[in-house]
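Residue numbers (this note's numbering), protein chains in the order written: chain A, -5 to 134; chain B, 178 to 317.
Worth flagging that the hints you see were computed from the coordinates, not collected in a lab. C-beta atoms are modelled at their ideal positions from N, C-alpha and C, and glycine is treated no differently. Treat the hints with care, since some could be wrong.
Pairs of lysine to any residue residues, derived as SDA-like cross-links and limited to a Cα-Cα distance of at most 20 Å, are as follows [to be verified]:
| # | chain 1 | residue 1 | chain 2 | residue 2 |
| --- | --- | --- | --- | --- |
| 1 | B | Lys288 | A | Gln19 |
| 2 | B | Lys288 | A | Ile(-2) |
| 3 | B | Lys285 | A | Ser18 |
| 4 | B | Lys203 | A | Val99 |
Computed from the model, here is a short list of chain A residues facing chain B with C-beta under 8 Å [what the hints assert, rightly or not]:
| # | residue |
| --- | --- |
| 5 | Asn20 |
| 6 | Val47 |
| 7 | Ile133 |
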Amino acid sequence: MAAIELAPGADDNGLAIMMATMMSQNLDDHPDRVTAFERLVGRVAIVAEDADVALTMEFRGGRAVVHDGIVGIPDVTVRGTAEVVADMSRMETGRFGLPDPRGEVNRAMATALRSGALRIYGLPAGLPLLARLGKVLAIE
Amino acid sequence: MGIKFPSAEWTAAFKDAINANDGYAKAGAGWTHGKVAYVVEARPEIGIERDTAMVLDLHGGKCRDAEMTDAQGAETADFVVRAEYERWKEVLSGDVDPTKAMMQNKLKLKKGHLPTLLKFVVASKQLVSSATLVDTDFPA
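Just chain B, same shape as in the assembly:
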């Protein structure tokens, strides 16, 4: 039995997975651009009653903190990426590349400086690689 996504437990496990990932430590070493929020849009039929966000405090190749919050809490982040639950499932399972998902408008950058994000495209992929290492229980 894995850890339910999205949840506070999953967010904590994601943080640990990021910090255990040498690839992210290297690719994200130059990241000093603030917090990144992943917002999962509400899907009441599978138990996601409201927009749910994971805010990652990333700095220098490490995740200093990670918290689960709501859409309003996500707005405190410097970068906000938003998507439907199914899209996050595809990306965080490693089935769809995050850059490709953004080109397909499956992941939407709602806040933040796109050139900076693209500069760290390898780090973004390593974040996703970290997520695939979390034993995840997707509700649907």
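Next up, chain A with everything else stripped away, as it sits in the complex:
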């Protein structure tokens, strides 16, 4: 069973609660994703700018701690509106587990990236970390 916990102070952060719950429930629903979860090592920060909420997910290979705010130096930082951040887990997966460019949500995400409504820092070095996290958080 995956160890996912909220750091002290994160239990008032709705986004942190959502991310911890999403990871936990998704891994329960999809045991095949546990391997991807266990390979996660590093820190991913998410900032929902219009909601004035931020979190950091700290992955230690089979264990995740979700912190309130930006904690430490994130390997990847995702910044965007609450709507775009929520949509990230709804991205449609196509062949080979890659994002399906025809997907409605994926097209909206591409537009958000082009317009600056979604910004991702730490790429390309953080791409494997982000891709594995995307697999863990994906909603089918």
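Place chain B on chain A using the hints.
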């Protein structure tokens, strides 16, 4: 003079508004995941003496039934979303996006499968759009 919120009359008007909303019919067409309860926390000073809930029986893009009940009655629902009266007022007036409110911990998912709820985030927004069409009298 609008319909007092929360009340049995408002709940019935909300049901009618949902069923008149083509946007919800489309976005919620795939919803077969059970009842959703909105719990308004007690605020005796404005006449809400105890926790009050609206339980919506949603299925296939329609609201089959809606009833006002108490917090205990809400537990029969598959999804329970809880918030203070002021937070519901903000969301149901259309002033605050429900996803953003959840990220800010203003709306709290107390029961239910979060990935499923996020999958239907557009339907959730259409429910709120339906609520904004009800001529509502908020007591404070």
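- Task: Using Cβ atoms only, decide whether Ile133(A) comes closer than 8 Å to chain B, and label the hint accordingly.
- Result: Where the cut-off is 8 Å and the nearest Cβ of chain B is about 5 Å from Ile133(A), the hint holds.
- Holds or violated: is the Cβ of Asn20(A) closer than 8 Å to a Cβ in chain B? holds (6 Å)
- Val47(A) as an interface hint toward chain B, with CB separation required under 8 Å: Constraint on Val47(A) satisfied, holds at 5 Å.
- Query: Keeping to a limit of 20 Å between CA atoms, is the pair of Lys203(B) and Val99(A) held or broken?
  - Reply: Distance of about 16 Å is within 20 Å: holds.
- Item | Pairwise hint evaluation, Ile(-2)(A) against Lys288(B), where the allowed Cα distance is 20 Å at most | holds (18 Å)
- Item | Restraint check for Lys285(B) with Ser18(A), where alpha carbons must lie at most 20 Å apart | Holds: Lys285(B) and Ser18(A) sit about 17 Å apart, inside 20 Å.
- Message: Please verify whether Lys288(B) and Gln19(A) have alpha carbons no more than 20 Å apart.
- Response: holds (12 Å)
No hint from the list above goes unmet by this structure.
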